[in-house]
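Participant: Chain residues, written in single-letter form:
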Amino acid sequence: DAGVTQSPTHLIKTRGQQVTLRCSPKSGHDTVSWYQQALGQGPQFIFQYYEEEERQRGNFPDRFSGHQFPNYSSELNVNALLLGDSALYLCASSFASPGEAFFGQGTRLTVV
Amino acid sequence: AQSVTQPDIHITVSEGASLELRCNYSYGATPYLFWYVQSPGQGLQLLLKYFSGDTLVQGIKGFEAEFKRSQSSFNLRKPSVHWSDAAEYFCAVGGIRGADGLTFGKGTHLIIQP
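Sequence order for the protein chains is X and B. Just so we're aligned: 92 in my numbering is position 92 of the first sequence, and the numbers increase by one with no gaps anywhere. Just remember that my numbering sits 1000 ahead of the position in the second sequence, which is counted from 1.
Careful, some of the hints might be misleading.
To be verified - Below, simulated SDA-like cross-link-like pairs (lysine to any residue); rule was C-alpha separation at most 20 Å, straight line:
| hint | chain 1 | residue 1 | chain 2 | residue 2 |
| --- | --- | --- | --- | --- |
| 1 | B | K1106 | X | K26 |
| 2 | X | K26 | B | L1048 |
| 3 | B | K1106 | X | K13 |
| 4 | B | K1068 | X | S86 |
| 5 | B | K1061 | X | E100 |
| 6 | B | K1061 | X | A87 |
| 7 | B | K1106 | X | S97 |
| 8 | X | K13 | X | E100 |
| 9 | B | K1068 | X | A38 |
| 10 | B | K1068 | X | A87 |
These are calculated hints, taken from the structure and not from any lab test. Bear in mind the structure is a predicted one, so any value in this text is a computation, not a measurement.
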């Protein structure tokens, strides 16, 4: 079992650009959540996808959007990047209720 | 709104000594509680979880945690720490589906002294 895989591992973008991050959930999982972890902070919930729909959303602006595909993989898109978007972006997958979340290694995004 | 407080930003423990990391939560219903560990530059690994039942839960790597509803606490313990336990530890509370929209504390950085 490959677990939760994220790509790319590192990314450098310029302010104002757009970025897409990708996540493949753990085998058998149908729910994907995205988190932003700024340096020295705990992860903050961005949103969660289930059955290709956004089921829940945290306190993030509309610049942050996502998608879930029929194979349960997911993308996180961020438009009009700001310097403050620099962070480790974590994807987590889960299944059933109550479920536990399994995290990927994250994508380190640097906005310059 | 749910919240998690980890009052200790840093904790230093000698190798072989016991450890307790504190976690207090605020949640309107019966909480689902988690402890995760994160090594530098890595993702999060689940140490243990509490969903219901026995309030003392066992996890991986010799860790355990006790859920105390009256104190809104879910403290993590280990009887004897190893140098490899040095990492960042996060307490989290989940929603009605357990892993829904986890709310994390700010973390406790554990330093192990030889």
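Participant: Please name the hints from earlier in the document that this structure breaks, with their numbers sorted from lowest to highest.
Facilitator: 1, 3, 4, 6, 7, 8, 9, 10
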